[in-house]
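Given the structure of chain A, go ahead and fit chain B onto it with the hints provided.
As you go down the protein sequences, you meet chains A and B in turn.
Counting with the numbering used here, you get residues 798 to 906 for the letters of the first sequence.
Counting with the numbering used here, you get residues 597 to 710 for the letters of the second sequence.
Quick caveat, the hints were computed from the structure, so don't treat them as lab data.
What you are looking at is a predicted structure, and each value in this text was computed from that prediction instead of being measured.
Each hint should be verified, as a subset may be incorrect.
Computed spacing ranges between beta-carbons, pair by pair [to be verified]:
#1 G838/A x R611/B: 22 to 32 Å
#2 A874/A x S649/B: 44 to 54 Å
#3 K860/A x Q610/B: 41 to 51 Å
#4 P877/A x R611/B: 39 to 49 Å
#5 E798/A x R706/B: 28 to 38 Å
So, partial list: chain B residues that the calculated Cβ filter (under 8 Å) puts toward chain A [to be verified]:
#6 S638
#7 L639
#8 N646
#9 R706
Virtual Cβ for every residue (Gly too), placed ideally from N, Cα, C.
So the chains spell out like this:
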Amino acid sequence: EDQVTQSPEALRLQEGESSSLNCSYTVSGLRGLFWYRQDPGKGPEFLFTLYSAGEEKEKERLKATLTKKESFLHITAPKPEDSATYLCAVQGQSSRLTFGEGTQLTVNP
Amino acid sequence: SAVISQKPSRDICQRGTSLTIQCQVDSQVTMMFWYRQQPGQSLTLIATANQGSEATYESGFVIDKFPISRPNLTFSTLTVSNMSPEDSSIYLCSVERGAGETQYFGPGTRLLVL
Chain A
798 EDQVTQSPEA LRLQEGESSS LNCSYTVSGL RGLFWYRQDP GKGPEFLFTL YSAGEEKEKE
858 RLKATLTKKE SFLHITAPKP EDSATYLCAV QGQSSRLTFG EGTQLTVNP
Chain B
597 SAVISQKPSR DICQRGTSLT IQCQVDSQVT MMFWYRQQPG QSLTLIATAN QGSEATYESG
657 FVIDKFPISR PNLTFSTLTV SNMSPEDSSI YLCSVERGAG ETQYFGPGTR LLVL
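Excised from the complex, chain A in its bound form (with noise of 0.2 Å):
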């Protein structure tokens, strides 16, 4: 059975102080690791697909990274706007995505 495990549940931070969030996996055959943005009362908003150990991703100010076991979503002199839940997910042979229970970031000015 597939299994994400997210870390810290909840982090908050200052504005411009960067850091960096877990997401642990157990997955049969991995297809992909998705990380998704979620502001409150509203959908997840697709942010990166990795496919491959060693592989890295960047948009703005977020950098998501993959190992065989985890992956980590680096923000960089966060901003208020980046306060949302950032949720991981997995996809092995079953095809179905396996969600973590999420992060929820808080960024104050």
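Chain B alone, transformed into the frame defined by chain A:
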């Protein structure tokens, strides 16, 4: 990406009634899915909506409780039947253009059952 709309965006329903949620995509997609997100929790897959055939349900979800239709490649409905307060959740539709590709999510339907 894909532009996905859901109707209604929110509803308050009485115990024992049913609600049908619609999901419309702006272009044809291969795969459509329905998820539930209970308060304070992450997403749980309910079923895969198959075009022209019966939906494929995940463990713990049954067709009598969550009947699904998918009449074409851009539209699907999820019905939440004989509702109870435990059904209060956000229901989300997602799509994949091709099998195994990135899933994009709709805005969700926020359901409160009294």
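Now for the hints, and whether the structure bears them out:
At roughly 24 Å, the beta carbons of G838/A and R611/B sit within the given window of 22 to 32 Å. As the Cβ distance of A874/A to S649/B is approximately 50 Å, the hint placing it in 44 to 54 Å holds. For K860/A paired with Q610/B, a C-beta distance near 48 Å keeps the hint of 41 to 51 Å intact. Our hint of 39 to 49 Å for P877/A and R611/B holds, since their Cβ atoms are close to 40 Å apart.
At about 29 Å, the beta-carbon gap between E798/A and R706/B stays in the expected band of 28 to 38 Å. Interface hint status for S638/B: upheld, as the beta-carbon distance to the closest one in chain A is roughly 4 Å, under 8 Å. Checking L639/B against chain A: minimum C-beta separation of about 5 Å stays under 8 Å; hint holds. Annotation: N646/B was flagged as interfacial toward chain A, and the flag is violated, the nearest CB pair being 13 Å apart, outside 8 Å.
The interface hint given for R706/B holds, since its Cβ lies 7 Å from the closest Cβ of chain A, which is under the 8 Å cut-off.
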